[in-house]
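Novice: On the provided structure of chain A, position chain B as indicated by the hints.
Quick note, the sequences are listed as chains A and B, same order.
The numbering of the first sequence is the numbering used here, which starts it at 80 and goes up by one.
The numbering of the second sequence is the numbering used here, which starts it at 80 and goes up by one.
If you are wondering where the hints come from, they were derived from the structure by calculation, not from laboratory data.
It is possible that part of the hints are untrue.
A pair counts as met if it fits within one copy or between any two copies, since identical chains are not told apart.
Subject to a maximum C-alpha distance of 25 Å in a straight line, what follows is the list of computed DMTMM-like cross-link-like pairs (lysine to aspartate or glutamate) [to be verified]:
hint: 1; residue 1: Lys227; residue 2: Glu238
hint: 2; residue 1: Lys278; residue 2: Asp298
hint: 3; residue 1: Lys272; residue 2: Asp320
hint: 4; residue 1: Lys272; residue 2: Glu169
hint: 5; residue 1: Lys142; residue 2: Glu166
On a predicted model such as this, the values are computed, not experimentally measured, just so you know.
Protein chains: 2
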Amino acid sequence: MTENRKPLILITNDDGVQAKGINELMEGVRSLGEIVVIAPDGARSGMSSAISSLNPVRLHLLKKEEDLTIYSCSGTPVDCIKLGINEILERKPDLVLSGINHGSNSAICVIYSGTIGATLEGCILGIPSLGISLTDHSPDADFTQAVKYAKSVARKILENGLPKGVCLNLNVPDSPDVKGLKVCTQTMGYWEKEFQKVKDPTGRTVYWLTGQFANEDSDNEHNDEWALSHGYAALVPLQIDMTAHHLINDLNTVFCHCGLDPQSQENR
Amino acid sequence: MTENRKPLILITNDDGVQAKGINELMEGVRSLGEIVVIAPDGARSGMSSAISSLNPVRLHLLKKEEDLTIYSCSGTPVDCIKLGINEILERKPDLVLSGINHGSNSAICVIYSGTIGATLEGCILGIPSLGISLTDHSPDADFTQAVKYAKSVARKILENGLPKGVCLNLNVPDSPDVKGLKVCTQTMGYWEKEFQKVKDPTGRTVYWLTGQFANEDSDNEHNDEWALSHGYAALVPLQIDMTAHHLINDLNTVFCHCGLDPQSQENR
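The shape of chain A in the complex, shown without the other chains:
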């Protein structure tokens, strides 16, 4: 972080700039530095790391006061981070915060979450980044505990940094008595029974996404679902290198040393 300057903190979310979660977050961490918020102009849940590759993106300045600037953006959470770093901020931020999401982003949901998409983007661009979610979907959820944990983790990141290529995913249980913080692994599992098949007003079939989480890792006390269900805040380090390094040698044997090369194979 630049000496003699307050830390610069870029904040976004996927629930939109009007959501209670991001507004409580920006107030909660205001004492930590200069805050710039660039957040979607409405809900972008489930946008993952989507980028606006087909349409241009618009920015709208909503507020500018000492150490707090707020923009809304027509794009995705990742667009918000890219615009902030590339176009808006005059220096590289010291921290990216994404959230506080209304609803958990634990387990396999890191893959689908716009909150985490923005967090990964901060990490890709070389900035220590933290995504924060509360396990309560309601618009008027109580963010008191989530803000407290977010601020503590954010302060620690500003003091210590994070290793290159790694960001943090913090989920806070919806409880007035959170028991503490656990560093966890991402719970493995999948969503099932995912659609409600209904008729639209013209009688045509449409599919609404819904579903329930099938936990394939439920006897593991080290993962985030276990921590959350036992009253702890869960902090998972996520990496942007998705390579399954442990399989490189095995796959070389299967795919490259036994005649796979199409040049040497009949085209059945």
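Specialist: This is chain B only, laid out in the frame that chain A set:
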């Protein structure tokens, strides 16, 4: 795979069901099994693992003939896979194929790619999955080599399966003389100079996503960018567990054993 039955292959992409790449792929692998295509009704580039959480999704049957059924879908590539597995297919597919994408999905682009989003989704749902991309964006690209490699890798997956939690990302260089297949790591790097700032017809500023890839891993002969730039097809195993397992202990020290717990800390 079920005995006495042809393998069932679910195919999607992110360029849309009309794209040349997916049509060449479905014809190319037709001899390998029963093919069901569920693909977006138009371009969904850069959609990552986005899901349609805010709007319902529609399906439209385009073609049904022996061993080839084609649907278009109003949703994202991941929606296509979820709908296929949850609602359309009568049995679990033996293989998910996503592509062939017009343009590469190498390096850090795995994070943004809808092609890879669908591939990861197949993997999350427990199905061996392969994403395929050609390093040529043009609508009339020559997919001859890409189809050949896709078919060979697909056949090998049907024979051998893939480890749980891992899928494959195949990028094929735009060349009539691909030198062979290399199992690679995901090249680390980021996109920079990402926006063109232009005026819309009403004179308002809009931002178009563009940019160039900054390779932070350019002296590594084991990554996919190296392989592609040297004329090889690149096969990267990707895992859906994003946990940075090697950092769990270090982070426990930083975040959990030195007074971070907000309960024991003044709220500065």
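Novice: The structure should be examined with respect to each hint, and the outcome stated for every one.
Specialist: Checked hints:
For the homomeric pair Lys227 and Glu238, the shortest alpha-carbon distance inside one copy (17 Å) is at most 25 Å, but the shortest distance between copies (52 Å) is not. Taking identical chains as interchangeable, the C-alpha atoms of Lys278 and Asp298 are never at most 25 Å apart, the minima being 40 Å within one chain and 56 Å between chains. Taking CA atoms no more than 25 Å apart as the test, Lys272 paired with Asp320 passes between copies only; the shortest distance there is 22 Å, against 30 Å inside one copy. In this assembly of identical chains, the alpha carbons of Lys272 and Glu169 lie at most 25 Å apart only when taken from different copies (14 Å versus 47 Å within one copy).
Taking the shortest Cα distances, Lys142 and Glu166 sit within 25 Å of each other inside one copy (17 Å), while across copies they are farther apart (46 Å).
Of the numbered hints listed earlier, the single one contradicted by the structure is hint 2.
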